[in-house]
Structures are given as C-alpha cells and as structure tokens.
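Trainee: As you go down the protein sequences, you meet chains A and B in turn.
Going by this note's numbering, the first sequence opens with residue 915, and the numbers climb by one from there.
Going by this note's numbering, the second sequence opens with residue 6, and the numbers climb by one from there.
These aren't lab readings, by the way, just hints derived from the structure by calculation.
Just so you know, even glycine gets a beta-carbon here, dropped at the ideal spot from N, CA and C.
Wrong hints could be hidden among the right ones.
[As the list claims (entries may be wrong)] For the chain A half of the interface with chain B, some residues (derived, Cβ under 8 Å), not all of them: (1) Ala1052; (2) Gly1064; (3) Val1110; (4) Gly1113; (5) Pro1119; (6) Ala1210; (7) Tyr1213; (8) Asn1265; (9) Gln1268.
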Amino acid sequence: MANFNAVHPEIKVKVQYLDYASGDDQVTTAIEAKTTPDIVMEGPERLVANWGAAGKMLDISDLWADTKDDIIAASPAVEAACKNGEGIYYEYPLCMTTHCMVINYNDFEAAGALQYLDEATHTWTTEGFLNALDALNAAGYQPTAVVYCGGQGGDQGTRALVTNLYSGQFTNADHTAYTMTSEENIKALTLLQTLVNEGKLDADPGIVAGDEIALFCNSTISIGFCWNASAAVSNKASLADDVKVFPMAFPSDDGVPELQGGIWGFGLFDNGDEAKAAAAKTFVKFVCDDPSQAAASVYASGFFPTRASLGDVYAGTDKAENGDYAIFMPFLGDYYQVTPNWAAQRTEWWNLLQRVFAGGDVAAEAAVYEANSNK
Amino acid sequence: MQKTAVQPRQSVAMMQSRRRENIAGYLFMAPSLLFFLGFVVFPMVMCLVYSFTDYTMTSFSFSGFANYQRMFQDAIFGKALWNTIILVLISVPVTCFFSLWAASIISKLHDRTTSFFRCVFYLPVVTGSVAVTVISRNMNWLGDASTALGCIITILLTTSVGQPIVLYVSALNNVDQSLVEAASVDGATNLQTFWRIKWPQIMPTTLYILVITTINSFQCFALIQLLTSGGPNHATETIMYYIYYNAFKLQSYGYGSAMGIILALIIAAFSALQFKVAQTDNG
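The shape of chain A in the complex, shown without the other chains (with noise of 0.2 Å):
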C-alpha cells in the first residue's frame, strides 16, 4: 500500500481482509445493503460464476488489452476463467495455484511405499496409491489418510482425489452440469469406500480440511489431501520433527493427473462511481503489472505468477521452496469452478462423502447428489 500511494498519493484505498468462514456472508451483505467495495480480490467461482453472473461486477475488458497475452502465456486455463462466456473479463488475475496433496516422506520410507511414487515428477498411478497404502498398514502406520468431509472446507482435494482415481470429470465440458453419476466417478467413489471399509483409508464426517492438515502436521497421519505451496509456508511452524513434508500430485489411472486449480484476481464492483472505478483500476493495474510491484505482489501471496514474464518470483528469497511447487503447475486441470449452482453443490458435495462413507449406494447417493446440484 505504502509503495502504491508513493505513486499515487491522491488515491485512497482502505483494506479489509474477509476470512474463507464468513467472508461470503460479509459480501452478500454488503452486495444487498448497496455497500459493496469498490475492489474485491476473488477468484473465479465468485468474480465471474456468481457476482459477474449477477450483475454486479464492471466489465474490466480494458484491463487485459496489453497483457492478454502474458497471461495466455502462462496459462490459457486461467484467460478462459477471467471471462464469461460472451467474452465479458470480471477478474484480472494476479497468482494462481494448484492444489495437491502431501505426504510424510519418512513415512513412506519407514514402509518401503516410495517405489510407488514418482519422486521426480512428484506423480504416482491409482495402483501406486493403492499398494503404499497396503504398504503403510503393514507397516502400522495407522491411519494412513483420512478423508474428511465434515464441511465444504478444503474440498478441492476430496473433488481431486476422487476425479483423478479413474480419470474422470467433475462437470461436463461446458461447465452447464455435474457429472459425478460418470461410469469413471461412481467407480473411484465405490474404491475410496471399499479402502474405508476394508481399514486402509479412515473417513471422517466430523473434520474438514484444517484438521485433516493438522493431522498431517502432528504425524497422526502420513497423507493429506488438502496442501498446496501456501499451507507449505503457513503449516511449517507446527510440523512435527518426524514429518517430512513431500507434495504428490493426485494419484490417477494414467499418471497424468488434472489437478484442481486457484486462480486469484480483483474484481470491480459496479458502484455507479466512473472517478472511483478509475482509481480502483490503477490501483489493480499497479498491483498486477508494475514493474517495480508486480513480482512483489506475487510473492506476498505464496502463490505463482500469471503473467509468464515475471518468471520465478521466489529463486534467491526466503520463500524459496514456494518454487518447488511450479512442478505442479502443467498439470492444471480444467477450472470448472465457474458451473452454475456452484455453491449449492458445495455442500451437496460434502454430505455425498458422507452417505457414502456411511455405507450408501454409491451410484444412488451419486445420483441424488447430481440431481440436487444440477437443479
């Protein structure tokens, strides 16, 4: 803030951070009091699916027209997910991700399971999955994972563990419908539920996402499927001495894995206001694309440039290790975050783990779960 006023000192910007619990509810809120800022920093899902979708946004097409390019060079994944689809920009994106998973990499070698991995690539197939888990229990490292569906938190890596499994998609290929009734879905659920019931794998309706990883941190566990380069920097604090922390991309058929992407950006919100709406894009702009602030912005995040000209933000830093995670950036997978009703199906999403884990017909419970989000 302090380097954007050096340069603009007759711009006024007050931050307000909003937290994942309540932040949604803040926003609705203020989108129906009329109070709504003038700049909201999102992703997708909510920039262009629900507030774009509304209405409620600006179109800021005007922002991309000198760097469209650096971003499609970076990623094309992320351009197609900045816009509706008549071509109307609603984010202008500043850092992306993609979310894997974790390992205890001590674990693993304690129970002889990292022949099954890719340590190069930091990929393994479904089968390879399968037999370090084998390989865990025998090795009494229990429970080797769980996966946790008490809520909608960190649910990015139960859609990704479950999609991945068997290679199949979560909605159709136009974003407009759910697809978890697919032959390859009901198949990868069917698995997780045999592994749960045969002792391999726990489930649990009573965590979300942040236990999962503190039971990551705490070694009670030797895989987590919710981490990515963040939760690396923010998690290391509390790491047990004997978690060695190892990022795997999902386990699929292929090997090839689609992992769940992030993309963050800022939204405009259409207060009526062209001289505040002009500030707030060269305060955006400045952010996003000042040589002298862009990289540091990034940086700030934890997260990767979307712009292929500023390369890697954090070689020589503090934050180094953030870079390991560019590994995982290829296998970005569709952003089909953007499909209607995508909040509804959020917890659709999570009380279809649990009927399943608590013994359900997967291809009904699938069926109802599809049903109630493509409503």
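With chain A held as given, fit chain B onto it using these hints.
Mentor: Just chain B now, with coordinates in the frame of chain A:
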C-alpha cells in the same frame, strides 16, 4: 350552579395534566420505541413481505405462496423442523429442571460458595459459543449421524443452564421465609413446602426461563454453524441454520424469509402455550 361551573374547569385541568404526563411518557419511551420499530418491527414486516417474493441476488418478483408451498415439499426443511423440535423438547425441560435442582442446592450453601458456583455455571455463557465449540470439536460423536444431534443438545445445555441457575438462585432467596417456617411448623415435608410455598413464588421466574430457553433453543445456530454445518447428512440441520444457508449461501432471500416467518409463528405458539399453562398453574 356554582358546583357545576367549577367541575368542568377542574376536569379540564386534570385532562391537561394527564395529557402532559402522557406526552412526557411517550417522549421517554421514544428512543426505545424508535429502536424497536426500526430494528424489530420493520425487519419483521419486511420479512413477511419478502416471504411472498422470489427474491434472489438477480431477481425480485411477487410469487404469492410459492415459497410456502416449496417449504412443505422440501425434505430438508422437514428434517430441520423435526431436529429443531426434538432439540427444544429435550433441552427446555432438561435446562429448567437441572437449573432448578442446581439452584436449590447452591442457594442453601454459604454465600461465598454460592457465588463461586454461580460463576462456574455462568462461565460457558460468558466465554461464548466459539470457545465452547473449540473444546467440543474433539467429540467424535459429532461425526456420527445417530449421535450428532444428542451431542449438540448436550453442548447446548452447557451454554444454556448458566443464566437460569443465577435467576433461580435469586428467586429462591426471595421466597418468603416466614411462610416456609410456618409450613415447617405445621408439619409440611420438604416436598410439600417446595410445591405449596416455593414453586408458586418462583413461577414468574420459571415462566421467564421457559420462554427464553425455548426461544434460544429454536434459534440454535452458532453451535451448528461452528461444529457440523448441519451434517452429517442433515442430522443436525436446524431451521435457523437452514434459513442462514438458503439466505446467505444460496442467496434465496425470499425462501429464507418464508422459513423465518414459519419459525416466528412456531415460537409464538410455543410461548403462548407456556404463558397459558403457567397462568393456569398460578391461577
């Protein structure tokens, strides 16, 4: 004649004096009345209006009774209503009975000991739901659909009994001791003394506790939001949480308002019933 000439003058003066008193009374009430109208009556009226609309983030149109029809076809609303009623039917009597029992023991203790126990029981109220839920998150039963609601009720009790115990201790201390002693001299047993002497005198407190506990139980929200989000598989879904979910997560403001109206009517019916029963007991 003289009499009749003076009387109207006196009554006019009295009327003026009464009017002045009334105006002064209304002026004193005005600040509270404005807040009551602005923050209670107006939102209630708006809620009633919205309940007849298809009000979302993108639309606002009159929809008649569509929200109410949808509500009674919504299986999750049915589940939430059932859970809420179970929660109220268990937590209200248990809270009242436990509070009265605890207060009757505490009130007989030494002053300092009484104060200590009042603090102990009131502590969960002061620390708030968040602190209580942080401790309660480790309860594995919350993840089991068959035990989760029982768990929630148990946790709710810890935060509900504090205020009733404090109120009952005060009420029991205010019971006319001369009547208790007279009953004792007449040979009444402890149970008879309680039912014939103490119970009628603490009835206003009991009524207040019943009504407040009922309303709080019907509006159980924070525990659900922080602990289970209504799960597992809607086993702990309550009407309040479902209203919040529809209004804030799905932005179905009209549907949420309709559920709010139904909840308000149910609470009003329960409260009226409690007033009626308590009046009969008193009568």
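Trainee: For every hint, state whether the structure bears it out.
Mentor: Against the structure, the hints:
no.: 1; hint: Ala1052; result: violated, 26 Å
no.: 2; hint: Gly1064; result: holds, 7 Å
no.: 3; hint: Val1110; result: violated, 13 Å
no.: 4; hint: Gly1113; result: violated, 16 Å
no.: 5; hint: Pro1119; result: holds, 4 Å
no.: 6; hint: Ala1210; result: violated, 35 Å
no.: 7; hint: Tyr1213; result: violated, 33 Å
no.: 8; hint: Asn1265; result: holds, 6 Å
no.: 9; hint: Gln1268; result: holds, 4 Å
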